[in-house]
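> Produce the complete structure using the sequences and hints provided.
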Amino acid sequence: MSDKNLSRRAAAEISFNGINITSSIKPYLLSMTYIDNEEDETDDLQITLQDRESIWLEKWLTEAVDAAASAPGSAPGGYSVGDIVQFTGSFHYISSTDDAGYTAIPGPAQITLSNPGSKHPWHLIHTDNTSNVYGWVNEGDFQGMDGNGSENNSSAGFKIDAVIVRENWNSDGKDKLLPCGQFELDSVDASGPPATITIKATSLPFGAQIRQTKKSHAWEACSLSGIAKEIARSNGMVCMYESVGDPFYARLEQVKTSDIAFLSTLCHDAGISLKATNSILVLFDQAAYEAKSPIFIIRQGKNGGYTKYKMNIGTANTKYSSCRVSYVDPSTGRCIEATARTEDYNADAKNNQQLEISAKVSSIAEAKALAEKHLRLHNKYAKTATFTLPGNPDLVAGVTILLEGWGAWGGKYIITQANHSVSGSGYTTQIKLRKVLEGY
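Using the UniProt record's numbering, you'd call the opening residue of the sequence shown number 1 and step up by one each time.
Among the clues, some could well be false.
To be verified - Here are the computed lysine-lysine pairs in the PhoX-like style, where the Cα-Cα straight-line distance is at most 25 Å:
no., residue 1, residue 2
1, K412, K292
2, K26, K256
3, K229, K256
Note that these hints are calculated values from the structure, not bench results.
Given below as structure tokens:
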């Protein structure tokens, strides 16, 4: 809770490898930006610092990176980084040394960092929606889950945790958190004048094994969820499979391809979305996310609450009237096909465009479902919008909002990217939207 008599404000809480450096970094912090993407892109974090005295350039960054490089990947006590555990506690902390904690819900989680000897020596990140733990926890606040451990292939790179805290925003003394998650150092840039340091981190580093190691592997009699879970396990991650559909494959060949590229191709072919965040591979059905109730309304006009907006209607490769999926079984010569159409399909229209997809299917129902997903995939960016608003932790990728009074752009939209930025100028949120597709 904050003092109701103080003006509203927002702050960034930052930890380097489990050590809360918020107070140390504050005199140098120019801005922190968190970019949350819905699919196909990693989540990113960017921290910009002023370095007039060359402290970061000449000393602090080198010491921090050297310390991170020598940090152990596991800790005593029977648990290691990468293990899947059951969180049983009630609080989590922004850093391993913090005094003030925040309420957390018990549930399955993965150990992502350890800091032996500290107040809260284990860093956990929830692995499904039953829990919300995403920080440092006490010894004894979790227990092992038999048979669910993952291989200890977690990167030993430099870890950065960040949280945006919005304090007394509505003059009611209440605070609201936006846990940005955990990132790994990706690059450091120095520039000037004026002398600045830019630290960039990502949820899935370019050098990570899941992105860089080319593999050849034969997958026999397996489902998409099974492949995703095995890839996650072998790369020290966990998998959340949130799609009702789960394609089955008699045999697949992964030939000199990285795990993430292979999985991404399978997801696109199946019309399922993929996201990597917080050491978790998330596979989900966009239609299910789009069906959720809107959490926010943006009304056109001076009382709309936005500071900037931009809108677009596109037609190139974004406006198919129908999609046909077809497959000829080589053993029987039988053709299986089905067609999906948009809700406003007009058979008499002269400008109808049909998307043709050739894919292996076993039934007309499967072909129809796949046609609907590909039609959605190609048409989903027909109407887009971008808004800049005062900082709002509720506006994250994957939630839906309503636009009212915007004419042809009115209706329900889903956030494809949320850009949260805290600086000396305050806290702002920029959201990129696409129109929800209805009827298919």
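> Against the structure shown, which of the earlier numbered hints fail to hold, in ascending order?
2
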